[in-house]
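As they're listed, the protein sequences go chains A and B.
Letter 85 of the first sequence, counting from 1, is numbered 85 in the working numbering, and no numbers are missing.
Letter 30 of the second sequence, counting from 1, is numbered 1030 in the working numbering, and no numbers are missing.
Read the hints as simulated data drawn from the structure, not as lab findings.
All C-beta atoms in this analysis are idealised placements derived from N, C-alpha and C, irrespective of residue type, glycine included.
Careful, some of the hints might be misleading.
Stated by the list, open to error - Counterexamples of contact, computed for chain B against chain A with all Cβ distances above 10 Å:
1. Asp1048
2. Gly1066
3. Ser1067
4. Ala1118
5. Gly1121
6. Lys1124
7. Thr1167
8. Lys1168
9. Gln1186
10. Glu1190
11. Ile1210
12. Gln1212
13. Arg1215
14. Glu1224
Unchecked claim - When the alpha-carbon atoms are kept at most 20 Å apart in a straight line, the in silico SDA-like pairs for lysine to any residue are as follows:
15. Lys1149/B / Ile209/A
16. Lys105/A / Asp1104/B
17. Lys105/A / Lys1130/B
18. Lys105/A / Ser1070/B
19. Lys1027/B / Tyr175/A
20. Lys105/A / Tyr1044/B
21. Lys1125/B / Gly29/A
22. Lys1124/B / Tyr108/A
23. Lys1081/B / Ile269/A
24. Lys105/A / Phe1016/B
25. Lys1027/B / Leu172/A
26. Lys1124/B / Lys105/A
27. Lys19/A / Tyr1044/B
28. Lys19/A / Lys1130/B
29. Lys19/A / Lys1124/B
30. Lys1081/B / Leu256/A
31. Lys1081/B / Ser101/A
32. Lys1149/B / Tyr175/A
33. Lys105/A / Asn1017/B
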Amino acid sequence: MSSPAQGVKLSEKLGSYMKYRFLLQELIGRDLKVKYRRSVLGILWSVLNPLLMMLVITAVFSHVFKFEIENFPVYYLTGSLIFNFVVEATSNSLTSILNASSLIKKVYIPKYIFPLEKCLFGFVNMLFSMIAVLMIIIILRFRISWTFLLFPIPMLYALVFAIGLSLVLSALYVYFRDLMHLYGVFTTAWMYLTPIIYPESLLENMSFIKYIYKLNPMYHLVTCFRSVVMYRQVPSLEQNLICIGISLLMLVIGLLLFRKLQDRFILHI
Amino acid sequence: MANEFAIKVENVSMCFNMSKERLDSLKEYFIKLMRRQLNFTEFYALKDVSFEIPCGQVCGIVGLNGSGKSTLLKVISGILKPTVGKATTIGSISPLIELGAGFDMELTARENIFLNGAVLGYSKKMMEDKFDEIIEFAELQDFVDVVIKNFSSGMVARLGFAIATITKPDILIVDEILAVGDFLFQQKCERRIHEMMAGGTTVVIVSHSIDQIERLCQRVIWLEKGRIRMDGPVEPVCNAYKGL
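Throw the hints in and build the complete structure from the sequences for me.
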């Protein structure tokens, strides 16, 4: 085995992944424990939180703004599930390298572990929140079909996309701490550009936005998820290809950038 | 092992850019870039350092503050990537660079043992097997399920040492850590390092305590301002160093 400081071949990379799989598990376990330590309801919050948010948003939007969306609670929950996962995972990843600085300075660990772990942690959370979606579907007697069972596929697209974006953000954040403040503003804008609380038709009728809203990767991820869970449709081949394309593109960009920058992290943290 | 060396350091130089002010924000960076004020002063923490440590040797590194000892250890452990040259190591490395790095203060001793074991690249099964041994060595039987933010610093250090030395690594890297804990625990640590040495582990020790170096090592490398000033058997090097 050669030193970790050397360039490694693919087989060794896989070997090191197997070696660090236990670390990934432990880190995810730690995040879960720390997040819910001393809260009475613990992990139940992952289910309760989206439910309560949904109640607030539904109350506001069915009385104040009045969009015409059928089954608004399901519409909102499905959209926010994917959106919140990507935002939570990437925001947590943003600071992950810096937060792990005490570790990175003392032990050799492949650094991609940290953003990857935050994304997987977010993914676990999303699976719990999926219980909330199921509960609402049952309570409202919303009709679903077998396509519902395809829900992990769009989730996986979102996961790959989130990992790619996380690699970019976490690497850049080491150099530019402004990113945290910028990203907060960015995600707010992102939320309003994505049809989560309003119908998609709204975007189609806007003069300028209608040309560009499909460039938003989140739009495709959310639409794909909704179509299987809510609209009882198998996503078209085109829809699938778009989702796979943007996720893989993001992942490749993330990997390349991260690899280029990672050796110098230690000088800046 | 077929290889005669455990650690091979070839022409390693480590250069840090010391900017006069740290640029941590995008705005600052662009302003400086525009004004062409992005000047860095280069600082070499290590300059053209080469040596080989054969398997099983115990090698001490001495030098004044800022002579590059810790940087060298970090290069060997793979934490820092050298600017020039390369460091090759053969076998598993256990770096004891700071005890308890990677502990999460919000978790209990039990949870931290597994977390830290994972950080060091151990498997889950192994940690389960060795769990009692770790607790026993660290003398923390009564505190297994206590959150470690409530631990004293000595307890944290004991736990860190116990976890890091639970396996017999091929290479052990020790940075000034034997200065922690009370003298009983220090003796215990030294005994454990002796056991490892007897088992054929290659050890690199950085210490300001010349006594300790003389007691443990077979060879000493003296660093001065990032260069090797002297390299050889313990007695001549230590005497020369003490004669500073």
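How the hints compare with the structure:
no.	hint	result
1	Asp1048	17 Å, holds
2	Gly1066	17 Å, holds
3	Ser1067	19 Å, holds
4	Ala1118	4 Å, violated
5	Gly1121	5 Å, violated
6	Lys1124	5 Å, violated
7	Thr1167	13 Å, holds
8	Lys1168	16 Å, holds
9	Gln1186	21 Å, holds
10	Glu1190	21 Å, holds
11	Ile1210	25 Å, holds
12	Gln1212	21 Å, holds
13	Arg1215	25 Å, holds
14	Glu1224	23 Å, holds
15	Lys1149/B / Ile209/A	52 Å, violated
16	Lys105/A / Asp1104/B	15 Å, holds
17	Lys105/A / Lys1130/B	26 Å, violated
18	Lys105/A / Ser1070/B	11 Å, holds
19	Lys1027/B / Tyr175/A	12 Å, holds
20	Lys105/A / Tyr1044/B	19 Å, holds
21	Lys1125/B / Gly29/A	16 Å, holds
22	Lys1124/B / Tyr108/A	19 Å, holds
23	Lys1081/B / Ile269/A	15 Å, holds
24	Lys105/A / Phe1016/B	15 Å, holds
25	Lys1027/B / Leu172/A	14 Å, holds
26	Lys1124/B / Lys105/A	24 Å, violated
27	Lys19/A / Tyr1044/B	34 Å, violated
28	Lys19/A / Lys1130/B	18 Å, holds
29	Lys19/A / Lys1124/B	10 Å, holds
30	Lys1081/B / Leu256/A	18 Å, holds
31	Lys1081/B / Ser101/A	16 Å, holds
32	Lys1149/B / Tyr175/A	30 Å, violated
33	Lys105/A / Asn1017/B	17 Å, holds
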